[in-house]
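Asker: Read off the chains here:
There are 2 protein chains.
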Amino acid sequence: MVVFEITVLGANGGPTEYGTQCFILKPARTEDPELIAIDGGSGMHQLREMLVQGQHDNESYDEFVPSFYEHDREPIEFFIHPKLSIQKGLSKSLIQSLKRQEGHFESANITKQTFKVFQGITDYYITHPHLDHISGLVVNSPSIYEQENTKKKTIWGLSHTIEALQKHVFNDLIWPDLTAERSEKLKLKFLNSREVQKCTIFPWDVIPFKVHHGVGVRTGTPVYSTFYIFRDRKSKDCVIVCGDVEQDRRECGESLLEEFWSYVAENIPLAHLKGILVECSCPLSSKPEQLYGHLSPIYLIDELSSLNTLYNSSKGLSGLNVIVTHVKATPAKRDPRLTILEELRFLAEERNLGDLRISIALEGYTLFL
Amino acid sequence: MVVFEITVLGANGGPTEYGTQCFILKPARTEDPELIAIDGGSGMHQLREMLVQGQHDNESYDEFVPSFYEHDREPIEFFIHPKLSIQKGLSKSLIQSLKRQEGHFESANITKQTFKVFQGITDYYITHPHLDHISGLVVNSPSIYEQENTKKKTIWGLSHTIEALQKHVFNDLIWPDLTAERSEKLKLKFLNSREVQKCTIFPWDVIPFKVHHGVGVRTGTPVYSTFYIFRDRKSKDCVIVCGDVEQDRRECGESLLEEFWSYVAENIPLAHLKGILVECSCPLSSKPEQLYGHLSPIYLIDELSSLNTLYNSSKGLSGLNVIVTHVKATPAKRDPRLTILEELRFLAEERNLGDLRISIALEGYTLFL
Numbered sequence: 000m001v002v003f004e005i006t007v008l009g010a011n012g013g014p015t016e017y018g019t020q021c022f023i024l025k026p027a028r029t030e031d032p033e034l035i036a037i038d039g040g041s042g043m044h045q046l047r048e049m050l051v052q053g054q055h056d057n058e059s060y061d062e063f064v065p066s067f068y069e070h071d072r073e074p075i076e077f078f079i080h081p082k083l084s085i086q087k088g089l090s091k092s093l094i095q096s097l098k099r100q101e102g103h104f105e106s107a108n109i110t111k112q113t114f115k116v117f118q119g120i121t122d123y124y125i126t127h128p129h130l131d132h133i134s135g136l137v138v139n140s141p142s143i144y145e146q147e148n149t150k151k152k153t154i155w156g157l158s159h160t161i162e163a164l165q166k167h168v169f170n171d172l173i174w175p176d177l178t179a180e181r182s183e184k185l186k187l188k189f190l191n192s193r194e195v196q197k198c199t200i201f202p203w204d205v206i207p208f209k210v211h212h213g214v215g216v217r218t219g220t221p222v223y224s225t226f227y228i229f230r231d232r233k234s235k236d237c238v239i240v241c242g243d244v245e246q247d248r249r250e251c252g253e254s255l256l257e258e259f260w261s262y263v264a265e266n267i268p269l270a271h272l273k274g275i276l277v278e279c280s281c282p283l284s285s286k287p288e289q290l291y292g293h294l295s296p297i298y299l300i301d302e303l304s305s306l307n308t309l310y311n312s313s314k315g316l317s318g319l320n321v322i323v324t325h326v327k328a329t330p331a332k333r334d335p336r337l338t339i340l341e342e343l344r345f346l347a348e349e350r351n352l353g354d355l356r357i358s359i360a361l362e363g364y365t366l367f368l
Numbered sequence: 000m001v002v003f004e005i006t007v008l009g010a011n012g013g014p015t016e017y018g019t020q021c022f023i024l025k026p027a028r029t030e031d032p033e034l035i036a037i038d039g040g041s042g043m044h045q046l047r048e049m050l051v052q053g054q055h056d057n058e059s060y061d062e063f064v065p066s067f068y069e070h071d072r073e074p075i076e077f078f079i080h081p082k083l084s085i086q087k088g089l090s091k092s093l094i095q096s097l098k099r100q101e102g103h104f105e106s107a108n109i110t111k112q113t114f115k116v117f118q119g120i121t122d123y124y125i126t127h128p129h130l131d132h133i134s135g136l137v138v139n140s141p142s143i144y145e146q147e148n149t150k151k152k153t154i155w156g157l158s159h160t161i162e163a164l165q166k167h168v169f170n171d172l173i174w175p176d177l178t179a180e181r182s183e184k185l186k187l188k189f190l191n192s193r194e195v196q197k198c199t200i201f202p203w204d205v206i207p208f209k210v211h212h213g214v215g216v217r218t219g220t221p222v223y224s225t226f227y228i229f230r231d232r233k234s235k236d237c238v239i240v241c242g243d244v245e246q247d248r249r250e251c252g253e254s255l256l257e258e259f260w261s262y263v264a265e266n267i268p269l270a271h272l273k274g275i276l277v278e279c280s281c282p283l284s285s286k287p288e289q290l291y292g293h294l295s296p297i298y299l300i301d302e303l304s305s306l307n308t309l310y311n312s313s314k315g316l317s318g319l320n321v322i323v324t325h326v327k328a329t330p331a332k333r334d335p336r337l338t339i340l341e342e343l344r345f346l347a348e349e350r351n352l353g354d355l356r357i358s359i360a361l362e363g364y365t366l367f368l
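Order-wise, the sequence lines are chains V and L. As numbered in numbering that gives the first Met the number 0, residues 0 to 368 make up the first sequence, in order. As numbered in numbering that gives the first Met the number 0, residues 0 to 368 make up the second sequence, in order.
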C-alpha cells in the first residue's frame, strides 16, 4: 500500500546551482494540499516548472531525462529501477486537493498556482545548513507576506542547523531576519537527535539523527548533517531521508551511522521500511581525500551491508528502495549518475544484499513508496 | 561602436529561487574567453541552458520570453526597446574565442563546455551579500578544483560585502571555507567606495559606490549595496551596473545616490554613458512600507530625473539605455515586468526625460551597449 508521496524538487549535488536538494512529502491519502519539505535547495521555481509541464503533458509524459553528457537526454529507465513507482510532475492527489480546496486554482495563471502550491509547504526539515540545502527556501521566504498567503512556515532542524540559520543567514546581512517579524510567519525550531517528534500536519513521527559530513577547511572541526525517519503512526511504515553524509569518523569517538542503523534495525521491521533517499555524491574512482564529507558507492554499500547484517534476513534487503541523491556534476564523458548507479548495483550484488531496488532521484518526478 | 557585451544569467528579483541576479561582461573585441561577473545569483546552470539552446537554435531564435502570467510566453518586443541591440544566448565572439583557444571545445559534451565557459569567469564584483546575489557563485565554487581548471577566481566587493561573505558564508558552516585552501584558487578582496580600481583582466576601470538598501528587520541599522561603473580606458565609454537600491535615507546623513549621480554627471559625458542596469523591484502601486529597500517606478524616475538635471542637456537623457532588473514575481494577473516597464515609460515621458530607451533585463540574452 502506498503511504508516502515524495516529489523531488531537486537532487543535484552541485556544482551547478539549480535544482539542489529539496524533497516534498505528503501522505498518499490526504484531503489537504499541505506538504512538508526535507531541505530547501529548490522551491517555487521548480514547482512552477512542474505546473507548466503538467499543463502540456496531458497525462502522457516525456520518457527522457535531461543529462548533457553522452547525450542531452537519456531514457528514464536508465535511472530508475523497474519496480519503483514514479510519475512525472506533482502527484495527481495534490493537484486534486488544490482544485477542491481553492475555488479558482484551475483558472488561475501559472504564477498564482505556484504561490498557492508553495503556500502548502508549512514545515521544512533541514538536514544541514550548507547553502545548496537552504538557498531555495531562503530566497522563497518573502512569499509568506503575500496578501493571499494565510499560512505560516516552520523550519525544523538539529541545533547545528538552526543556530547556523539564525546566526549566519537570517541575520539581516545574508538575508533579512524574517524570523524577527512580529507576524511570526517564519519560525526556526530546534529538534533533538534521536528524539521522536510529532509532525504537526501529518499523523507521522519525525525522528532526526545526527551524522558526520566532513570537517571544516579552516577549522578542522567536524561538520554535521541529519538523517530523518518519517513514520506513519497508523501503518508503522517508514521512509528515511538523508542529508549529505560520510562514513563514521571513529577518531572522533562517535559512531553515528552505526548507531543509526542499529536504531533502524531494532525499531523498523524491514517490511515497513519503504525506502531510503540517500546521497552518493562521488563515483567509485574518487580517492578518499576527494570525498569532502560525502559517500562514494563503496561507502554507501558498506553502510547498507551493515544494515543488512543487522536485519539478518534470509532475503537480504530484497525489495528495499534506495533512491540516490546529490550526485555531483563533473566534466566527465558519461553522466556520473549512470556511472554511480551501475557501480552501486554491481557492488550490491557482489555483497549479496538481495534484490535491492536502487534508483536515481530525478528532479521533477514524484515517487510513491 | 559596441564596447560592452553583457550577458544576463539572471535578473529575477525573487521570490522564485532560479535565475537571480548575475550579469557577465566582456569587451566586445577580445581574443580571450575571459569574463567578469557582476553578482553571482546564477552561474553554471544558466550557462549550460544557454549552450543547450545555442545548439538547437541554429542562428535563429525563439522570439518569445517565458512569462507565466496572462500567457506562458510573451513576445520579446514587449520587454525590449526597439533600439536595444540584443541576441539570445552567449555572444558569438565568446563562443568563437572558446573554439579558438580550446582545441576540443566544439566536440566536447555540453557539461564539459559548461565547465570551460564558467572557468573563464575570473572576477566577481558583488553588490551586496544578500543570498539571491551570491547563491550561484557559492554553489558553483567547488568547480575551481576540477583538474582541468587552471584558473583562479577573485570575489571583489566593498567591506560590507566581503566581511559578510567571509564571516557568514565561507565560514565552514554555511559553506566550506574555500578561501582558506592552500591552493588559493578562491580569494576575497576588498574595494573602497569611490576609488578607481583597475580591472585585472580587461583594460577597464572599476569604480564602486556604496548605496542604501533598506534597514535590518531586527537591527534597524542601514543595509548597504553597491553601484559599479565600468569604464573602458581607451574609448572612455562606461556602463553602470547596480545592485539592489533604495532612495537616499537622508535621516542617516548620507546622500549616497545624490553623490553618485553628481560623480557620473561630472566624470562621464552623456554620450559615453552606454547604459545603466538598475533594479526596479516593485510596481507603482506598492506602498513605501512594501518596498523593503527597493525602488518602484516613481523612485527610479526620480533618480533619473536627478541625473537629467545634472547633465542639463537640451535632449534630456535621449539615447540612454536603462535596463531594468530584479523585478519581483507576485501572484498578479499581469507580468509585473510589463507593468513596471509601462509605468516607467509613462513617468519618463511625463518628466520630460527625452527619448530614454527603457528595457527589461531578460535572462539568457546578451546585450550590446
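Please note that the accuracy of each hint is not assured.
No copy is singled out in the list; a pair is fine if it fits within one copy or between any two copies.
Stated by the list, open to error - For lysine-lysine, the following DSS-like pairs were computed, each having C-alpha atoms within a straight-line distance of at most 30 Å:
hint, residue 1, residue 2
1, Lys186, Lys233
2, Lys150, Lys314
3, Lys286, Lys111
4, Lys314, Lys111
5, Lys111, Lys166
6, Lys150, Lys82
7, Lys188, Lys166
8, Lys314, Lys197
9, Lys332, Lys184
10, Lys332, Lys151
11, Lys82, Lys151
12, Lys111, Lys87
13, Lys233, Lys332
14, Lys82, Lys184
15, Lys91, Lys166
To be clear, the hints were calculated from the coordinates, so they are not data collected in a lab. Values in this document were obtained by computation on a predicted structure and should not be read as measured data.
Asker: It remains to establish, for every hint, whether it holds in the given structure.
Answerer: So, going through the hints one by one against the coordinates:
Proximity of lysine 186 to lysine 233 under the C-alpha cut-off of 30 Å is restricted to the intra-copy arrangement: shortest distance 28 Å within a copy versus 53 Å between copies. For the identical chains of this complex, lysine 150 and lysine 314 are neighbours neither inside a copy (46 Å) nor across copies (51 Å), given an alpha-carbon limit of 30 Å. Taking the shortest Cα distances, lysine 286 and lysine 111 sit within 30 Å of each other only across copies (21 Å), while inside one copy they are farther apart (47 Å). Taking CA atoms no more than 30 Å apart as the test, lysine 314 paired with lysine 111 passes in neither setting, with 49 Å inside one copy and 42 Å between copies.
With identical chains, the CA atoms of lysine 111 and lysine 166 are never at most 30 Å apart, being 33 Å at best within one copy and 37 Å at best between copies. Proximity of lysine 150 to lysine 82 under the C-alpha cut-off of 30 Å is found in neither arrangement, the shortest distances being 37 Å within a copy and 45 Å between copies. Proximity of lysine 188 and lysine 166 under a CA criterion of 30 Å is satisfied in both settings, with 14 Å inside one chain copy and 23 Å between copies. In this assembly of identical chains, the alpha carbons of lysine 314 and lysine 197 never lie at most 30 Å apart, being 33 Å within a copy and 68 Å across copies at closest.
Taking the closest pair of Cα atoms, lysine 332 and lysine 184 come within 30 Å of each other only across two copies (25 Å); inside a single copy the shortest separation is 46 Å, beyond that limit. For the homomeric pair lysine 332 and lysine 151, the shortest alpha-carbon distance between copies (24 Å) is at most 30 Å, but the shortest distance inside one copy (45 Å) is not. Taking the shortest Cα distances, lysine 82 and lysine 151 never come within 30 Å of each other, neither inside one copy (37 Å) nor across copies (46 Å). With identical chains, the CA atoms of lysine 111 and lysine 87 are at most 30 Å apart both within one copy (21 Å) and between copies (28 Å).
With identical chains, the CA atoms of lysine 233 and lysine 332 are never at most 30 Å apart, being 47 Å at best within one copy and 43 Å at best between copies. Taking the shortest alpha-carbon separations for lysine 82 and lysine 184, neither the intra-copy value of 41 Å nor the inter-copy value of 45 Å comes in at or below 30 Å. When the C-alpha separation of lysine 91 and lysine 166 is checked against a cutoff of 30 Å, the pair qualifies neither within a copy, at 39 Å, nor between copies, at 44 Å.
Of the numbered hints stated above, those contradicted by the structure are hints 2, 4, 5, 6, 8, 11, 13, 14 and 15, listed in ascending order.
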